[in-house]
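Join the two chains, each given in its own frame, into one complex according to the hints.
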Amino acid sequence: MGSMIDARGLSCPQPVILTMNEIKKIKKGEIIILVDTDTSKENVSRAAISQGWTIKEIETDETGYKIIIVRE
Amino acid sequence: MTQKKFSFFASPWGIITAGAIIGVLAPLLQKLGNPPNMGVCVACFERDIAGALGLHRVSPVQYMRPEIIGFVLGSMVAAYLFREFRARTGSAPVVRFILGVFAMIGGLVFLGCPWRAALRLAGGDGNAIFGLLGLITGIWIGTLFLKNGYNLGRSQPAHTTVGWLMPLTMLGFLVLMLIFPQIPNQEKNGILFYSVKGPGSMHAPLYISLIAGVFIGFLAQRSRFCTMGAIRDFILFRQTHLLLGFISLIVFAFITNLALGQFNPGFSKQPVAHTMSLWNFGGMLLAGLAFTLAGGCPGRQLFLAGEGDGDAAVFVFGMILGAAISHNFGLASSPDGIGPYGIHAVIIGILVCLFIGFTMRKKVA
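Those sequence lines, one after another, are chains A and B.
Counting in this note's numbering, the first sequence runs from 1 upward without gaps.
Counting in this note's numbering, the second sequence runs from 1001 upward without gaps.
Next up, chain B with everything else stripped away, as it sits in the complex (with noise of 0.2 Å):
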């Protein structure tokens, strides 16, 4: 068979197309309940699983976001119509568990993942400018790693259930969702924990975040839309092709802000934000060079995972550990500052993460 072709969602107009359309989901997602700035956030949402899993007891954050469900089985659904679903892992996953735990801890001292990054900048937050400034410079750091040869080595083809063990994980959280589901005023139902007040009491309704999850995942799984990959594969390779698509999703967002009476310029008091700028870019440094290592934004891992990477699913339960570990161990930051052992977790983790890169230079056979 041959084929010269590429698809829509593989031109500049499909990325640019699925960028636009995260990027009036989730304004309209936050009309609809979801916190602000906040629409889709895949890491502050992974904290919220891990707090709804109680794994952490932070009461705020608690909540079993549909919407990582959703990107994950949208994904699995894109990759099984198009028959690009392909189980497979075997490339340094338990690197990858500690990434994805890093990029979690550097991640949570910002306050956000690059999809958030973009919707405060969308939604007038100022201090996202320091938090993007951290993200390209750990993206940077991770390039020159990536020129000098590093890599995790090549993954194996593996059995069906690899690749269906990230998406059955997901729909046990839907059907525990469904079992246990919440009670106003109730911190817990069951065995599942429930915010009452905070960001994790704020959500769209169960069905809605699911739908718009799912139709995400799909759309992002056939563009293979990568908040990481956009400036990585800028500075390494002057290429535009990804870049299209986060520009999309920031102008989107802020247009969709503007029409909906959500955009608040500014740095002081802005939502489920602090203005340390220092630690902003810190904690973004750090998850950026921890995505670059581990070869996919937060948001590109569950689309992975979605479509049989083993390894990508477990660069996601690194990261679900990691906001445990974060909240458990007072390095999450609050809208009053960082905590109080996060300057000391981002130092660590940018050790560890030099120490992968300089170490992992091996040649592929």
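Next up, chain A with everything else stripped away, as it sits in the complex (with noise of 0.2 Å):
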């Protein structure tokens, strides 16, 4: 189970920013990130790529996207 962040209805930058974040202090395995709007999710995805993660899933529900990002 890999760590969690909760960063919906944080406004630019700050799903980044907590993304980044976690991506510097775990190095590897598994990050789900929770956010709520597109641009978030395209953030996230974009930010999580450029440091060498792969995106795993992105799941929708109701409340918005549920991101997996890995890396070995």
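Treat the hints as calculated values from the structure; they're not laboratory data.
Some hints could be false.
Which residues of chain A face chain B? A partial, calculated answer using Cβ under 8 Å [as the list claims (entries may be wrong)]:
{"no.": "1", "residue": "G2"}
{"no.": "2", "residue": "S3"}
{"no.": "3", "residue": "G9"}
{"no.": "4", "residue": "L10"}
{"no.": "5", "residue": "V16"}
{"no.": "6", "residue": "T37"}
{"no.": "7", "residue": "D38"}
{"no.": "8", "residue": "T39"}
{"no.": "9", "residue": "E42"}
{"no.": "10", "residue": "R46"}
{"no.": "11", "residue": "W53"}
Glycine included, C-beta positions come from ideal geometry on N, C-alpha and C.
The following block contains the structure:
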């Protein structure tokens, strides 16, 4: 079970900052990020890929998106 | 539902295309009547709207700019078409209002927002360099706060009405323009003020401005175009995505200006500009810091307001009030130089932004 970031309701660039901080902290593994806008979804995904992480899955629900990123 | 791919507009080519189209449209709007190096200036045009409503009475800058109306409505159409419209609010609206006020005050000391800084540069106005340096410095200061945990707290999902109020306000402005259209050489029709001379008297035909605004609003909502974010993301994360869009705007506006014979390099006698470099720098430093603390450039705030963000709408109203304050209190610059209280206002604005930046660092729940 990886770490979980709830970035729902946070405006730019908070979701990316939280994601980057977690990436720096755990270095590899799995992170789940909750966001509530398409903009945040794109920004978080772009940031994760730029750090060498992979987008494992993006799930959609009524509150937004659940992004799962991984690095082996 | 699982999805992985980026859409075209989230790709580098998407943001470059958005910047390019804005870069071409702005000088074209100038050719069709908008003021020089002001094809699309969010701060100037909101200031003109404040004038049209009589919130300030500086006669050369009064016109209900259809581009601004179009930005919000175009963004709303895009957000609904792509199922992104989400009404939300509650992330420190009063702070966003104050940041909007001071963003405008800073912008009007420089005589423009980041959009116009780019267009002024693309038109050959060397004074824009100091504005852009100020903008970058202000954003850099903002990123120091962001790195140290500054945030405005979470927004919450809200009634759809919350998201509709800014688009409805803009629709209302458009209806007012149709009920009280401009009458040549007349300063007022009904409740709307119109400039007879000066920048406010210079405008492209209403429908062309409106259509261009809707088109830009649509593109910018899809691509998340943001002039402040462009510089902020590069400083914070070395990410160039949004920066590609901003650079694309400058390059394409430059090429279009060359093609239209609108490129006039130099520092003195530039249109709607002054040469007091320190305050071109200082004004935009304040604006850049305020935009960073509020999470978006003035255009982006309009596009967010169009997709349901009630907090961005509050920022926009703050900017419109800021324009009224600027002109009523002699804070705004003119081609002759800065206003009598412009320096005081910039210093106070920076202090207010620092106060907000230092004190709003509590961790989000």
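Structure-based check of each hint:
1. Of the supplied interface hints, the one on A:G2 is violated, with its beta-carbon coming no nearer than about 18 Å to a beta-carbon of chain B, more than 8 Å.
2. Of the supplied interface hints, the one on A:S3 is violated, with its beta-carbon coming no nearer than about 16 Å to a beta-carbon of chain B, more than 8 Å.
3. With a least beta-carbon distance of about 3 Å to chain B, the hint placing A:G9 at the interface is held under the 8 Å criterion.
4. Nearest Cβ of chain B to the Cβ of A:L10: about 6 Å, under the 8 Å cut. The hint holds.
5. Taken as an interface hint, A:V16 checks out: its beta carbon lies about 7 Å from the nearest beta carbon of chain B, inside 8 Å.
6. Nearest Cβ of chain B to the Cβ of A:T37: about 7 Å, under the 8 Å cut. The hint holds.
7. Among the interface hints, the one on A:D38 holds; its C-beta lies about 5 Å from the nearest C-beta in chain B, closer than the 8 Å criterion.
8. The restraint placing A:T39 at the interface with chain B holds, with a minimum CB-CB distance near 5 Å, inside the 8 Å limit.
9. A hinted interface residue such as A:E42 counts as satisfied when its beta carbon comes closer than 8 Å to some beta carbon of chain B; here the least separation is about 5 Å, so the hint holds.
10. Annotation: A:R46 was flagged as interfacial toward chain B, and the flag holds, the nearest CB pair being 6 Å apart, inside 8 Å.
11. Here the hint on A:W53 is broken, as its CB sits about 13 Å from the closest CB of chain B, past 8 Å.
In this structure, the earlier hints numbered 1, 2, 11 are contradicted, and the remaining ones agree with it.
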